[in-house]
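J.: Spelled out from the first residue to the last, the chains are:
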Amino acid sequence: MSVILVLIGFSLFVALMFLGAYFWAVKSGQYDDKYTPSVRILFDDKKEIEKDEIKDNKHKLSK
Amino acid sequence: MIKTDIYTPTAQELKCYHCGEDCSTADIHISDKVFCCNGCKTVYEILNQNNLCEYYNIDENPGITKTKDIKRNYDFLDDRELIEELIDFTDGRTTKVTFSIPQMHCSSCIWILENLYKLNHAIKYSKADFLKKIVVVQFDQEKITLKEVVELLDSIGYEPDLNLEGKQQNKSNSETKKLYYKIGVAGFAFGNIMLFSFPEYLSFDSFHIDNISQVFSYLNVIFALPVFFYSASEYFISAFKGLRKKIFNIDVPVSLGITVLFSRSLYEILAQTGPGYFDSMTALVFLLLIGRVFQNKTYDSLNFERNYKSYFPISVTIKKGNKESTKPVGKLEVGDRIVIKNQELIPADSILIKGHGYIDYSFVTGESNPVEKVNGDILYAGGKQIGSALEVETVKEVSQSYLTQLWNNRAFHKDYENRLDTLVNIVSKYFTFIILCIAVIAAIFWWPNANLAFNAFTAVLIIACPCALALSTPFTLGNTLRIFGRNKFYLKNTGIVEKLAGISNIVFDKTGTLTETGNLKVKFEGEPLSDYEKKIVKTLVYNSGHPLSNGIYNLLQVDKLDNITEYRELPAQGIKAIIDGHNIQIGSRMFVTNNDPNETNLSTKVYLSIDNKIRGFFAVKNIYRVKVDQIISSLKNFFKLSLLSGDNDGEKEELQEMFGTNTEMMFKQSPQDKLDYVKSLQTKGNSVLMIGDGLNDAGALMQSDVGISISEDANNFSPACDGILESKSFLKLDEFIKFAKTSKYIIIISFILSFAYNIIGMYFAVQGTLSPVIAAILMPLSSISVVIFTTLSTNILAKKKGLI
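First to last, the sequence lines map onto chains A and B.
The first sequence begins at 2 in the working numbering and counts up by one.
The second sequence begins at 4 in the working numbering and counts up by one.
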């Protein structure tokens, strides 16, 4: 049965890792702002050159 | 040939590309994009130059209007001391600063504020927090100054709200973090202890043989220690504080229960008589802490604690000889000569030295019409100058001024900790007493058998631990708070809901509360004007910046003419000009007719004469909020209403019609009068709800049991209060009060429910046969079912009343 003790020790180690991860998450401010990141992730990182082209096209059109 | 559609906007479609406001003409435009004003156009140009037009793709017309914009002077941000107070951190090269940006309202705002580095490369990094409406900016101190950063933000329409009070927020932030840590510890221990207790519940035989049960028990002790000493600590502290003041708050029986659970379990395990109740204890602490998170719901971006300082500018322009410099308001001394520009507040009581004062005191007194001031007059702090710049000399320090003295009143130093009157605290007082009695009786009953007596005594205290009782209030009120929040009614904390349920009197402020802010209704009385005459009048008033002129301008729905000559504006009297060959005058009766000196007052009636013939007058009236009479007549049946106004009694009859004869109405009330009135109602044993808006109501809002400030936008300035109600939701006021009462009944029902569980548990406890399994099932079951009951019932009832 002593194998249970080994397993218990191992499972405790894993559980403590998760507790540590939770603490790290709280400390690093992941729970401070629960809204903005959900918006931020939707922003596209368009390349600058692309935008220049779009602008040029619009310019031509308006002429 | 390529056919290009040339965009020709119709009158209805003329919306500013930047801010979405209606444009009167398409004069201001860049290619096909129309702007309402040059300010908006400039912002667009800045963004366009920096390839930041993505801003307009995220949300439609995201910008902040620049129509009413005035050029702000940020020279005071050169002051070293002030900079140090404003910034969070600097290492000499990189500076970090947190700005509060009340204008932040959409995804585009977040995007632009996080792309500041594209506008100026000296800004290294900026991060927005939408709910708190702040942006943290890190910049290279050697390449850009704080002042330049602020000016940059202002130039794209996000004027930071600079005040020195912002630092408090960090404190509440670290408190929340602590709570999260505690929940983490409690949840971790709860889960693991449950796991180790499971074999015990199922009573495996081999489990006891191999001493594994012992190992599990000791592990449970190790897990329970941090829960008892760390996670549950605030309940002990609160109970101790309460007892010292001889108050039996709900935390007293809770801590008693936790302590007995802990010590009896520890004893059982060390004496090897049983497995203990650590599973129940940790579950209980875990649930209680979750209840606390639910209760602590706060509106981060709203500030309920504002005092007069946040209304005042952070610095003022002072004049020494011919040199102008800036000085922080706090350092202002008696005798300083200040320059007050258009739309600026007067920070301290002072004497007018130079310039023509046209002071809007609506902020302070509630009087809706600006007053004229001439050289030598005393100007009270809090007034706002409209028009040209003034020079004034301070006669009192900021803190000693007429307005700010209100803050020395005792109402502003109330002790809010002492919340004796909450329902749960009243109940817990009797509850603790009864439980202790039952425990003692059970022990005496079993007495010859010391072991059984001890078991029964502790079991009663364990099972009676009022977890469900302690959870019902935070969950019910927390949910009510959220439901109110969805309806744009923001309360400071859950205690206010309970207070709101108990009010008997409602006191209204008039200006800004019953009437709309900044909207004057102008009505023309006299010989009707032809369209051509209207055009002439409109042309004349267009040239004046006077608020009454603006009112008349908006009244006349015609185009204006161009050929205006000999325009003259005589302060405090009127304006005149020759337009299209016609001699036209608008102003006080005396100004227009040159006789009848009795009626020189310009504030109520503005006379008009065309070609020296009097045509009638424009009467100015406040506009009442839509359907305000309905809400009043519905509230009238349940509460005693009163009306306080800083204004004169000019509209008394109209108000009487609305309120009926039963309502007390007081006019020309100073802020102090309002406070005293509320106090006098309270001394008669009434519970008062005050509804106001400006600084002039600040004292009354503070003094009242529930002070609600009404605001066009919750993020605008509002004085210290218990709740902020957006004006759009003003009509739901009676629903809110009714619902607050409903939540109180829900709490009472959930109390009965939790007592029922206690009685069942008691049945086992007094017999001394409370097994850990029963405790582990009964205690969380009672708590969770109470939580589900309160949450569901508040939601269902809110839906029924149309609040969700």
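The set of hints was computed from the structure by calculation and includes no laboratory data.
Any given hint could be a false lead.
[Said to hold, decoys possible] Now the in silico label distances, taken between C-beta atoms and shown as ranges:
#1 Asp91(B) / Gly21(A): 24 to 30 Å
#2 Tyr36(A) / Tyr184(B): 19 to 25 Å
#3 Ala26(A) / Gln275(B): 19 to 25 Å
[As the list claims (entries may be wrong)] Computed footprint of chain A on chain B; a stretch qualifies when at least three of its residues, placed anywhere within it, have a C-beta under 8 Å from a C-beta of chain A:
#4 109-121
#5 265-277
All C-beta atoms, glycine included, are put in the ideal place defined by N, C-alpha and C.
J.: All the hints need checking, so say for each whether the structure fits it.
T.: Verification of the hints:
1. The hinted range of 24 to 30 Å is satisfied by Asp91(B) and Gly21(A), whose Cβ atoms lie roughly 28 Å apart.
2. Taking 19 to 25 Å as the suggested C-beta distance range, the pair Tyr36(A) and Tyr184(B) conforms, at roughly 22 Å.
3. Distance hint check: the CB atoms of Ala26(A) and Gln275(B) are about 40 Å apart, inconsistent with the given range 19 to 25 Å.
4. With 4 residues carrying a beta carbon less than 8 Å from a beta carbon of chain A, the segment 109-121 of chain B meets the three-residue requirement, and the given coverage holds.
5. Counting residues of the segment 265-277 of chain B whose beta carbon lies closer than 8 Å to any beta carbon of chain A gives 0, which falls short of the minimum of three for the stated coverage.
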